[in-house]
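*Asks:* Chains as they are written, first to last, in the working numbering: chain A, 1 to 490; chain B, 1001 to 1988.
It is worth saying that the hints were derived from the structure and are not from the lab.
Backbone N, C-alpha and C define an ideal beta-carbon position, used for all residues, glycine too.
Treat the hints with care, as some may be off.
Chain A regions said to be covered by chain B (calculated; three or more residues, Cβ under 8 angstroms) [claimed, not checked]:
1) 58 to 65
2) 101 to 111
Partial pick of chain A residues on the chain B-facing surface, computed with a CB cut under 8 angstroms [unchecked claim]:
3) G144
4) M145
5) V180
6) G184
7) F250
8) P288
9) A292
10) D309
11) P313
12) T426
13) Q490
As a plain string of letters, each chain reads:
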Amino acid sequence: MEIKKHYLAVAIASATLVGCGGSSSSGGGSDTPETPELPSFVSCDGDVCTLSGTINDDYTLTADTTWILSGFVKVGLGNGGVSSAADVQALKDDGATLTIEPGTHVRALNDGVLLVTRGSKLMAEGTAEAPITFSSYQDDDFDGMGEWGGVIVQGFAPQYGAGNTGACFDGNTDEVCNVVGEGGTGVGFYGGNEPADNSGVIKYVRIAEGGKVAGPNNEINGLTLQGVGHGTEIDYVQIHNNLDDGIEWFGGTVNVTHAVLTGNDDDDIDFDTGYKGNIQFAIVRKNPDATAPQGSNDPRGIEANSSDDEYVPQTEGAVANVTIIGSAVNKAENSNGDGLQPGMRLRGSLTTRIYNTAVVNFDDCVRVDDSDTDGDDTVDDFSDVTLVNVIGACDDKFYAKRDADVENGTVGMESAITLDSAVAITNDFAADLSAVSFSAVANGSGFAFEATDYIGAVEPGTAAVDAWWAGWVIDGSLDDVAETFSGNVQ
Amino acid sequence: MHFSTRLFLSLALLLTGLPSAMAATTVVYISGDDTDGIAVEIGDKKQLVNQAGFAIFDLDPGSYDAVFTQFAEWIGETPLTIEAADTDKDIFVEMLGGEAVAEVRPADKTATGVVSGRLISRETGGPVAGARVGVVDSDIGVMSDDDGAFELELPRGKYDLKVADPNYNRKEIRGVYSLPGVPISLDIDLSLAGSGVIEEVVAVGTYIPATSTAQERDASAVLDSIGAEQMSRFGDSSAASALTRVAGVSVVGGQYAVVRGMAGRYISSTLNGSLMPSTDPMKRDVPLDLFPASVLGGIDIQKAFTPDLPGDSTGGAIRMTTKGLPDDGSGSKITATLGMNSRTTFSDINGYEGGSTDFLGFDDGTREMPTYADDLTDGGRDSVNYCANTSLCLTPEQGVELSESFENIYNVSQVQAKPEKGFSVSTGNLYDSGFGNYFAFQYKDKWSARHDAQIDDAVTVGSYERTKRNIDVTGYMAIGKDADNWSVLSKTILLRKTDNTIKTSSVFDDSKDQDNDTILLQWVERQYVGQQFSGDFFWNTGSVEHTLEWRAGIAQTGRYEPDRRQYSFINGNILPGSLERRFSDLTETALDFGLDYKLEWMIDDSFYARLKTGLMANNKDRDVELGRFGILTLNSGADQTGSLEEILSDQAFENGDYAVTTRTADTDNYSAKDEMLAAYLTGELEYYDYTLIAGARVEDATQSLEYPDAPSADNELESNKVLPMIGAVWRATEELQFRASMSQTISRPGLTERSESAQYDPDTDDLIRGNPDLVISDITNLDLRAEYYFSDDESITLALFNKTVDAPIERTVIEGDGSAVDGFTYQNEDTATLSGVELDFRKNTFEGDSFSTFVGGNLSYIDSEVTLSANSAKLEGIETRQLQGQSEILGNLQLGFDHYPTGQSLTLLINYYDDRIYAVSRGAFGLEMEDGRTTFDLVYQYDVNENLKIKAKAKNLTDAKVSYSRDDREIESYYEGTDYTASVEYMF
């Protein structure tokens, strides 16, 4: 029996070894090295510095240098798997902070992606005068699309599975999560049960021309927020000409205010899989010159949740003061003569409240879908949609399918809606509304909507140069926006 | 009692024990019912008497004592004097009251003996009348009577007999001894089908297992066998189709076997005893369609673990053997085949511009990765970037040259599907020296298509068209020598299977309100090249027989998929950015070495012991190289009208509108190693009607995975396992026996399943994320089987089994989001239990003078339940389900009809498999099921004369629909049509 014992011992030893492994990090250093010696993830040629690999130490990108993203640039190692609270703490302890100075221009090679992993932070705090810009290195303009990847931020906030499989942390030791995200093989894991998680600050940041990464199913969003907590601040952000969505939230709780979403090939505001948060002041403008999507896309202004079997009843978003301006790109027909996209598609058994919002130049303005969760052609789970002061000027119907569950104030099609060059609605019905209370999603952030008495992203009567977007958005991205759109009042 | 190995050895002695010219021949003949275990020792020579009661000695002049023993116990002796080199002696021994009473007579060289026997059809078990039985190289011969009986009167001596019948394959029986006063009886079975030149072992004197049924009966473990004669009779073209005839076995996707409800990871496959490399980048399983019937000598499916098998033989071990040396003489065969499909042939199907040698199954370089692209991007692994800074990006000239280096072929055209055609040639020789050889070559060109293919899943509705041209090329060579007590064999195998697939799909995506059209052009060359050497050596010490078998082999598989092109349209608008050109090349090299030693010992009259021990070393090295290329739109205003060939013109690249870029993921390239060292020991003890078997296997295995571009995802798994087995056989009567066994087996994670990173499924592009925490599953197996034999080829068996899998590895839904939501991962679930019952039978229903009929078949019922881990249960939305790929009910029915006077036979084959899980689903969504299906095949054979045979086959007679469903709603379906093939075989 000696042989057996020996083998047993080795088997036990090897089994124990198998359980080990995991990540290690250099840890330590919290200051950007002042010495000329560069960290391993930076290489410079004159005033052009290239970032590659993993930024595992705190680092600052200064405005006097052109920064190049080469390949999948990760901040921290938080996208590895975790199996206990200790693992989570280790990721936080080892986390790195990437600081970007105002006015800095980060340019990406075609294969460039910036991934901020959980436990690490992106401190990108620009100013209206000196915004931070991400765009491709392929050319100097901002006209391209899919010329690089995008910015992905991951956090420890909860995510809920498609198909109502519940919170990612359910049933796991120490309520940890390892959700596999989209964006290629390098994206790794995110999620947790920390709604207040903080991934840093994204303020006065412009992200242009992204949307493509290596691998199949390979379009990614301009700003992807995967399990990002409400400790993170996202305010004054523009996503321009992205091949996929503008901003997409996968779970998480982060609130976003003052977003400018222009020329994106897919949806602009897309929140899914248990996102619980609030969005106020957003301009969505489809590319006025595009006639059909360039990618595998179905462009809408707002898309919330996915359909039917991928329903997530935990998703809850409150949206206020959004102006959604369509173009021919969302009216591309399929062979049946339909396939024209609505301004908003609200589905997958979500709960949403939309306030003081306008949709123009789409075929239909709003489409609400319920969920046939088991494919038997009957609705099993309903969406819960509240529209308050939501108006439209669309070619066909206001509601593509069914009405909202709750309507309040002025809701429905207008015969015409006129925008001025400040992207404010000039029609009387959009201003001086009787006061309504905006009910924010209680995600723990204490977020309170700014009370507005007007419909749209910009207060009527504001001069273009005084609008909140003026001065920092990409030049030309909101030019020639003044236009009157007619609606099909039935 | 049946000790098949011993019988074969004795037979070999008889056949090869030629009288030497320099010595006198002494023939010992022992008569009596119980000659089992009798050995004769004369001088320093000792032999067991063969089953017919003979032992033959070549003796130099001198005085001897002939000593007789039975199971090593003295039973008698007699003095013997050989006066001169030419004085042959005959010793007649009669068993009287357990004692051997011998009488020595000088051989009367003029007296005659009688050799009689009966000719039996292997297919029907009935007699073969009117066949000529003659002595080779002489005019002597007789015809068999209505009962198949014949009688030849021959002078004392050793003869080679030849049996000839217009309807049956020729047969030679060598070394038949005729002894005056000793009636020799031969039962000779003839085969209608079979492989002509290459015949199975002949039965001499008494019952010797020759057919698959007999092989099953004599195995010490639960075994199902498919012989070459069955594959031929049932018209099976590859190992995959032959396996579906076995009880409890189904084949998924035409390639991968599921044995007793257990898929790939629970099955081991060997070729001539060696573990094989695989051609599947995501699996360790061996795709069984790669092995054509033309080179297979037989397949054993052993469904219960014995320690001489790989430790992962839980559901079963599929042991394929290629053809060996011919059993008699020499002969050649040429076969030509022509076929058509009721739906496909002559209809318009998808095609595209290929290479000039496509018909050979070799790409001529048209699809090869352009050298410029390969050199510039390291096979697609390096990023390609476009910008003005040439230290970080390509120069414009490099960009244009890279882009233009690829063939501008994307368009799908309509071509007419051609008929199936094929030919094969084989030749075999066996010389008197024992040296033999066998060569075979086969070529097949077949076009197939899915017709009326519909998709109607959750949010997608539409149709697709998938056409495939398949070219098979097979080359085979076996050379060897059979000597008195040793043999050596060399087998060289080349198998190639090339598939040229074109799929165009057009679906409406309801969630996106869009038409999605996708085009796929795919060329896959799969290849197996192997060289094996094997041999055996046997000797006796007293009443102990020893056998040593060895094998050493090297094999390499390849899967070469150059320039897989896929692109799509949305609402009719082409998307140049959706194009992916993928070049992949998998190579796996396996080195295999095995040594088995067997000892058989007749301890006494009631005890018989057998000891087996062996070593196995196997080393597999796999390399996967993959490069993806795509299109970058450099100028957003670029022209996007027309076909993709027009859009991606040289001009467009030169204008800077578009450029080729790389899209290879960092986990696309990997190398893996799989090493195993195993040793086993089993003991088998027979006591009267009982046999007890016990043993254990020790397996030491290491598997490792390395990603050159993503080293953090590397993985290694080491294991040392001891796997015990115990079993018993009770032969209640000659006809009835019972078997029981209990064993422990394991199931290892696949090579890439423990990867820390994500990969893409090569067929579906689904994201597959490995699980580095996967552990090896332990399985406890219980087997019971009762077998009842009506005759040599009629039987009924009933098998019961139960398996408990601890921590079974299952492919399950991933905790994923966004585009990763459709991905899969692997998980150790809590437990899985499986139990089932299998019924297997064959009965000759009518045996007449001119025709006979038989019915055979099997039915299995398998119930399995996987208890999912908490995480899988949460994601799949269910707590328990059946094992993936497992059908609850599997059935086969074969009805055979034979007409002797004209040599015609007709067989109807019916195969059924029940619904089985194709893929698991998220949340409330039901499992994706492959719907149960019944298929009918008809095989006709006509032996025109000794040299010419005609075969006709209709497969899938009812054109049964292939369908998949979810929650009882059909989500995908298509038809494959009925295949009609006819072949002519010429033997000479």
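*Asks:* Each hint needs a verdict: does it hold in this structure or not?
*Replies:* Evaluated hints:
no.	hint	result
1	58 to 65	violated (count 0)
2	101 to 111	holds (count 3)
3	G144	holds, 6 angstroms
4	M145	holds, 6 angstroms
5	V180	holds, 4 angstroms
6	G184	holds, 6 angstroms
7	F250	holds, 5 angstroms
8	P288	violated, 14 angstroms
9	A292	holds, 5 angstroms
10	D309	holds, 4 angstroms
11	P313	violated, 11 angstroms
12	T426	violated, 32 angstroms
13	Q490	violated, 21 angstroms
Against the hints set out earlier in the document, violations occur for numbers 1, 8, 11, 12 and 13.
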